[in-house]
Structures are given as C-alpha cells and as structure tokens.
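**Q** Line order of the protein sequences matches chains A and B. Note that the numbering used here numbers the first sequence so that position 46 is 46, with each residue one more than the last. Note that the numbering used here numbers the second sequence so that position 46 is 46, with each residue one more than the last.
Don't take each hint at face value.
Using C-beta positions, here's what the derived DEER-type ranges look like [to be verified]:
| hint | chain 1 | residue 1 | chain 2 | residue 2 | range |
| --- | --- | --- | --- | --- | --- |
| 1 | A | P354 | B | D50 | 20 to 30 Å |
| 2 | B | P349 | A | G123 | 23 to 33 Å |
| 3 | A | R352 | B | K303 | 41 to 51 Å |
| 4 | B | K303 | A | R180 | 45 to 55 Å |
Which chain B residues stay away from chain A? Per the calculated CB distances, all over 12 Å, these [to be verified]:
| hint | residue |
| --- | --- |
| 5 | P93 |
| 6 | R132 |
| 7 | H141 |
| 8 | A157 |
| 9 | L181 |
| 10 | G230 |
| 11 | S339 |
| 12 | A353 |
The calculated lysine to aspartate or glutamate pairs, modelled on EDC-like cross-linking and capped at a C-alpha distance of 16 Å, are [said to hold, decoys possible]:
| hint | chain 1 | residue 1 | chain 2 | residue 2 |
| --- | --- | --- | --- | --- |
| 13 | B | K140 | B | E112 |
| 14 | B | K303 | B | E260 |
| 15 | B | K303 | A | E226 |
| 16 | A | K302 | A | E365 |
| 17 | A | K303 | B | E226 |
| 18 | B | K140 | B | E183 |
| 19 | A | K302 | B | E226 |
| 20 | B | K302 | A | E226 |
| 21 | A | K371 | A | E299 |
| 22 | A | K303 | A | E260 |
Treat the hints as calculated values from the structure; they're not laboratory data. No residue lacks a Cβ here, since even glycine has one placed at the ideal position from N, Cα and C.
Protein chains: 2
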Amino acid sequence: MPAPIDSPAGHQSAEIPVPASLRSTRRLRLGRVEIGGGAPVAVQTMTNTDTRDAAATLAQIGSVARAGAEIVRLAVPDQRAAEVLREIAADSPLPLVADIHFDWRLAVKALESGVQGLRLNPGNIGGPDRVRLVAESAGKHGAVIRVGVNGGSLEKAVLDKRGGRPTAGAMVESALGQVRLLEESGFRDIKVSLKGSSVMETVAAVRLWSEVSDLPQHIGITEAGEPRSGSVKSAVGLGLMLAEGLGDTLRVSLTGPPEEEVRVAWEILRAVGLRARGVEVISCPTCGRTEGPLPALTEEVKKRLADISEPLTVAVMGCVVNGPGEARAADAGLALGRSSGLLFVGGRPLVRAPFDQLVNLLEQEVRRILKNRNSSPKTMKYRGMKNAN
Amino acid sequence: MPAPIDSPAGHQSAEIPVPASLRSTRRLRLGRVEIGGGAPVAVQTMTNTDTRDAAATLAQIGSVARAGAEIVRLAVPDQRAAEVLREIAADSPLPLVADIHFDWRLAVKALESGVQGLRLNPGNIGGPDRVRLVAESAGKHGAVIRVGVNGGSLEKAVLDKRGGRPTAGAMVESALGQVRLLEESGFRDIKVSLKGSSVMETVAAVRLWSEVSDLPQHIGITEAGEPRSGSVKSAVGLGLMLAEGLGDTLRVSLTGPPEEEVRVAWEILRAVGLRARGVEVISCPTCGRTEGPLPALTEEVKKRLADISEPLTVAVMGCVVNGPGEARAADAGLALGRSSGLLFVGGRPLVRAPFDQLVNLLEQEVRRILKNRNSSPKTMKYRGMKNAN
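Looking at chain A on its own, in the form it has when it is part of the complex (with noise of 0.2 Å):
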C-alpha cells in the first residue's frame, strides 16, 4: 500500500535521492528471482526465435542471459511449442514465462514442461472450470501468473461504462476482474501488467493500480517501436514508474533483437539510480571546440568494454582543460586533445598518448581497476547502488 511521500507540494525532497520503493507489493518468486517486496526490479526480454526450435530458443537465453536478461518469455503458439519446452526448460539458465492465448491446454502443458511462470489472461480461456485446472496445475507447480491488460482490448462492459475510453481507471478494473477470476480458484501468486495505448496513460494504469492493489507489477511500453524511438518512449514512462517506486519487473519491448530490450532495460535502471550494470560510458557533445574523433573514439570504448557486467563509469571527454575534472565521477576516462589525449583515473590525468594508444590503454586500466576491486570485496558497492549480480 501506498506510502506517503515526505515533502511538500507533492514531489520527492531535492536533497534526497528518489527512494527505490516507495509502495510495498506481495514478494513472489519466479524460479530463483524474486519479484516485488521490494526486491530488486527484474529485467525480463522475449525470444522472438520459433519456440519449437529449441536450440536456436536456447541460444538466443544464453545470448540475454549475457546481456543481463534475468527472466526470459517465449511464445507457446500450439502444443509442440508447449512439448519442446521441457527441453528448453531442462537447460535454460533463466527462469522462463509460457505466453499462452485463449488455449488453458497450452498454460498445463507448458507447466508440466517446467515453466516458472505464466503469462495469460484467465479470461480468454473458456470459463471458470478452465481457470480452476490451470490454478491448480501453476499452484503445483509453484508458477506465478501475470494477467496482462492492455488498453487496446478491453472487455465491452468495461469499456461502456466510460463512453468507451480505455481510461486508467478501466485498465484496472479490467485487471482486477481477471485476478478475480484466479483468486477465486484458490491461487495467489499473480502479477499484473497494465499497458495503455499512450505512454501517460500506461503511467497513470500504473499509479492507479498501486492505490488499490497490492499485487506486484510487470511494467513496460507497449508496441514502443523500432529501437531508436522505442528506448526513448521506454525511457520517459518506465523511468517516471520506477523513479515513484512503481514496478517490481520489466520488460522493454522493442522492435528488435531481444538483446537490445536488455540493454536498455539496464540503461533506464541505471539512470534512476535503482540498478546498475556494465561499463557506462559518459562523454560530452561534441561541439566548435572538441577536439579529436570523440564519437568514433567514445564507439570503440564502448564496443571494447562491453563484456564487462559490472558496474563501472568511464568517460570520453572532448577536451584536456575541463574533462578529467568534469567527469570526476567516472572510474577512468580518457580526455582527447589536438593530437594526442589524457588517460585518467578518478579525475587524475595518469598518461598522455596519441589517438591510436588511447583505447588500449584505458582497457588495460579498466581492467586492472577491476580486478582490484575483486579482490577487494569493500569496493564491490557502486555509488549505493545495487549491484546486478
């Protein structure tokens, strides 16, 4: 239930980072990742390979699961998918989510074949008889459902009642009337999402959804895009969520390799200051007085650095007077000149090079910080941030 927010005029204390939770929700576990309750806010993705291939299914977890995927769900469009998912269950290195439409046969089968989770919405699957067998097969099997609302396919009666407008408000209902439903047979671990057909209308379902439940919350942009435009779209409406302390999972949906969707998952949720994993490069905009190739130089740090999970910050600054000093925050960084650039460590210049050396030797550094820091547990936190891992 909601918490009330400890400053006037209705917005966060300017002192005070944004609190990483404001509103508590019901811990559920999906295989070994536990959702809400203030558990770290899990990054899901979706396969978007042919589930009834199961090496190619497999490899494309292995690929997300690298990237930083920490749930992944697949499509069960028939029952061979459903089959063929003992297989991949057997191997994959991430808990996996069924995503079953109208067919309750599919939601059991895919829970016998070892899924950790459900996505389907108990409405759609033919009547309560249906819905008690599937509860009771998930309760077995120790699944969570997710009851997915999505403004663009209401039910009538929930439309009717306000003109037709798929308000926030019938979002909820919506959704409350399917969790009914699984209640009513007896089963408890259920999340919600809640999409709506704008990205203010998505955030406005979710707030909404936060005052009257207290079920976690699966939090993502709806048909966002191609990538370019649908990270931004994704940024505005999950960073607002997440920032209020709302969401306990989410997915970033994209048009797009899934791998994409991870990485920018972790951007959003390294930039509210809940999560961080991975190498963040910071470099300034180039402008009349940068000096040297900083975007292809910034590229190549970037794509060098990019097997590295933990959190760390490293930046590419296009001068030598101002850049150490200015990215005093980063771990290591280089500061490019008319000819040559400065490799820095913790604001200290440390070497200057030409161009060509630059890279090199900010990798050997990055990696030496590293692997002193392994070494050295005490420095594992990151700026209080929570560490992926």
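Based on the hints, put chain B in the right spot on chain A.
**A** Chain B in isolation, oriented as in the chain A frame:
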C-alpha cells in the same frame, strides 16, 4: 512559484493526464521564440561545425531547423567566430545563442553581431564591471542570458559548506549567486540550467530551483553519451522533469549529429504528452507469432515519412488478427500476414497487398490524410496536444 499537486500520496491523480505546467515561470522572449510562463517547451540544439565557417554553420542550422529545432546555440571561441556570427545571424532561420566562456568581449561582440541569447556565467568573466558591460549590452539588444551551472565545476565556497558534495542545493546556491550578479546590473531576462553528475541529481536540482525562483529553466542531461544510451538517459531525466511541469526549453546532448538531438527531444516531448511533431511509428515487438519482415518494413516506413512535420501516428503490426484493432489510435498502418499485409486506416482494413507494395500504399494513404487534414483546419488538432507549428 510552485502550485500544489492536487492528489494524495504525492503523485498525480491517475485518471487525469499529467498537467503541462505545474509551476509558472517568468516569460522571456528569445528572438521570436517565447520561453517560460506556459509557452510550449522550446527545442534547442547546438551546432558542431566551426562557427568561423559561416557556410557550413548555416547549412547545419538549416538542417536542424528542418528537423524541428527552434533555437540553436553556437560555440564562440574567439573574436573571429564572434564576428562571423553577424553573417550567420543575417541568414539564420532560427534565433541564435552564443556560447561564451570567460571572455566578456566575445559576449558583447556576439550581441553586436545579432545573436538573441548568450550562454555565459557572469562569475567567470572577470568582475562586476565586466558583468555590467555585458548586461547592458544584452539589455540594449533585447537578448536573454542563460546562466549554466554544472555540478562538476561549482565554486569552492559552495562545495565546502556541504563537505565537498555537489548536491542539488549546492547547484541551486551557485545559480542564485550567478543570477544575483546579473540582477545587480539591472538585467532580468535570465534563464538557468542546472546539471548534476547523474540523472537523478539533475532532476533534484531542477525540482529545487522551481521552489526558489520563477526564472525559466533550460533543462538537459549533461554528457549523456553516445546516441543510443545518451537518448535513454536524457529521456529518463527530461521525462521526469517535463511530466512534473518543469523545464521551459530543453536540449538533448548526444555525442552525435545535432539533428539526432532534435529528433530525440521531440520524441520525449511526445511521450510525455506535451508536444507532437512528425510521424510516430508504433510497432509491436517481434515474437514467435510475428509474421512477415516487421523490422525491415518499420524502418522503411520511418524513412519514407521522415519529411513530414505534422503530427501523425502510423502503426506497423506483426499480425493481421489483432493488429488493426490494437493500433486503433493510429491514423494508418500495416498489419502483416504470412505472405501479404493489410493496409488499415483508423483501425479499419482498407486493402490487402503483397509486402513489396505495402509501404507505397501506406505512404499514399498518409499523404492523402495530410492533404485532407490541411484542407479542413478543424482536424489539425492531434489528441489534444499542441501542434509543433
């Protein structure tokens, strides 16, 4: 001064869209662009050409203007750049802001060359006499001055009070001091920018400023990084501010082309429901059920419609069953089947065609919609948002 937010628990009532402007600021005028006092949040960017190259700089200004920039800033590193500004100002389609560091003579020269704004910190130009000369010149030319405070370069005295920590309070105190220097010279047309070392620290500073001053704010996330992750950080930070009604003009800083900064700025404004410009392409994430070449078609649609500045929503959906219905809010769209696709308008199927004809058909339809819209002024309004023009 801040108005109270009319809901419990510190967040906006779920059923009501977030208000466009909670806090009213003083209204300024930068050339023909109004800033603050409820005016639309103006989109800025900065050239990365050599300002002394008037032709190249004007070409870039033209390009960012076409992308939707409304104000453009230029680095002015020396007297020659300040002089060339005259040539640029004479032909620029956008009002100009000269970015000045340390040298008051560059500020005065830039004003004489015809810029409508300065970005300079009066504390850095060598004493009250010089501040007075700049303030008088700015007043005479009707220009606006932005005071820009960066958490990484605060005055020692301000930091010392807080044990060296560049808190939101430290940034605000520093900005108030800089503003006082200008106000003591009788100059009032001031806006400020506050940028911390992290997204949430910047948000905290911007919130705090709105509590203590009615001077308009230029908002941005400093050193946001290369375009992909920089746009995510900017979207999280600017989204939070804008959704609270904070920010009167904005720049998205990216290590990349300024046109990209402008594109992302508009996407953020659209996501928070403040302003819309150009075609928004929504598309479903790919999944095991996706049919047809969704990502490629989405990219192609975006490219084809990139020249349109009027607000419009186009959907590209991965299945024919739910596609048109789920994308009801779109003005037009495509829903892909196994070997062909459906063109729909306003959620209704219009025609089915093979993949290679779909984008042509969609473009025809979109241009027809725009033509009809322009001949009937009543339909110019777009989902209640302010039009970009």
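**Q** Compare the structure with each hint and give your call.
**A** The hints, checked one at a time:
no., hint, result
1, P354/A with D50/B: 20 to 30 Å, "holds (23 Å)"
2, P349/B with G123/A: 23 to 33 Å, "holds (26 Å)"
3, R352/A with K303/B: 41 to 51 Å, "holds (43 Å)"
4, K303/B with R180/A: 45 to 55 Å, "holds (47 Å)"
5, P93, "holds (20 Å)"
6, R132, "holds (27 Å)"
7, H141, "holds (22 Å)"
8, A157, "holds (17 Å)"
9, L181, "holds (21 Å)"
10, G230, "violated (8 Å)"
11, S339, "holds (17 Å)"
12, A353, "holds (21 Å)"
13, K140/B with E112/B, "holds (10 Å)"
14, K303/B with E260/B, "holds (14 Å)"
15, K303/B with E226/A, "holds (12 Å)"
16, K302/A with E365/A, "holds (15 Å)"
17, K303/A with E226/B, "holds (12 Å)"
18, K140/B with E183/B, "holds (15 Å)"
19, K302/A with E226/B, "holds (9 Å)"
20, K302/B with E226/A, "holds (9 Å)"
21, K371/A with E299/A, "violated (24 Å)"
22, K303/A with E260/A, "holds (14 Å)"
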